[in-house]
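Please model the entire structure based on the sequences and the hints provided.
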Amino acid sequence: MARYSKKQQSPEANRDEAMRIARGTQRPGQTKEQTKLIAQGIQKGIEQYRKKQNARTRELDRKLKKVNQQLSSPEAPEIEVQERQVYRQHWLPWVLLILSWLAMAALWFFY
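For the sequence shown, the residue numbers in this note's numbering are 22 to 132.
Derived by calculation from the structure, the hints in this document are not laboratory data.
From a predicted model like this one, the values you see are computed outputs, not experimental measurements.
Treat each hint with caution, since some may be false.
[Said to hold, decoys possible] No more than 25 Å apart at the CA atoms, straight line, and that leaves these computed lysine to any residue pairs for SDA-like: (1) Lys57 <-> Glu33; (2) Lys53 <-> Gln64; (3) Lys73 <-> Asn35; (4) Lys84 <-> Gln74; (5) Lys73 <-> Pro32.
[Claimed, not checked] Now the in silico label distances, taken between C-beta atoms and shown as ranges: (6) Arg77 <-> Glu38: 17 to 27 Å; (7) Glu80 <-> Glu101: 24 to 34 Å; (8) Glu104 <-> Arg41: 46 to 56 Å; (9) Asp37 <-> Lys87: 33 to 43 Å.
Where a beta carbon is used, it is the ideal one built from N, C-alpha and C, also for glycine.
Structure (structure tokens):
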């Protein structure tokens, strides 16, 4: 039902992936220490992103469970909600129409 993988990567895999990304963006003259610091920042970013995604998937699972329970429970009363649409028109086109008709009547009357 869920489209995500419940298998999490190990910290070593995260570290390797961060180091690979840091080496890919390495500038000429950059020291190994700088590259390691960049890799640590990337690793923290990856971990934060995965934590956020896990929280989102948990919340989505809760919502899906709640909806499925509501759909499967037969004692839930069905409430029909009728929506009434109200169309409101702007006053400017009507004013312009009336003014144009008055202008045409005035032209016809005076000539």
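Taking 25 Å as the top limit, are the C-alpha atoms of Lys53 and Gln64 close enough?
Since the Cα atoms of Lys53 and Gln64 sit roughly 16 Å apart, the hinted pair holds (cutoff 25 Å).
Distance restraint between Lys73 and Pro32, which requires alpha-carbon spacing of 25 Å or less
With Cα atoms ~16 Å apart, Lys73 and Pro32 stay inside 25 Å; holds.
Given the hinted pair Lys57 and Glu33, is their alpha-carbon gap at most 25 Å?
Answer holds: Lys57 to Glu33 is near 14 Å, not above 25 Å.
Given the range 46 to 56 Å, decide if the beta-carbon distance of Glu104 to Arg41 lies inside it.
54 Å, holds
Straight-line alpha-carbon gap Lys73 to Asn35, limit 25 Å
Cα-Cα ~16 Å, so holds.
Quick check on a hinted range of 17 to 27 Å for Arg77 and Glu38, using CB atoms only.
The hinted range 17 to 27 Å holds for Arg77 and Glu38, with Cβ atoms some 21 Å apart.
Taking the CB of Glu80 and the CB of Glu101, does the distance hold inside 24 to 34 Å?
29 Å, holds
Asp37 versus Lys87 beta-carbon gap, inside 33 to 43 Å or not
Given a distance of about 39 Å, which is inside 33 to 43 Å, the answer is holds.
Need the status of pair Lys84, Gln74: alpha-carbon distance at most 25 Å?
With a Cα-Cα distance of about 15 Å, the restraint between Lys84 and Gln74 holds, given a limit of 25 Å.
In this structure, every one of the numbered hints holds.
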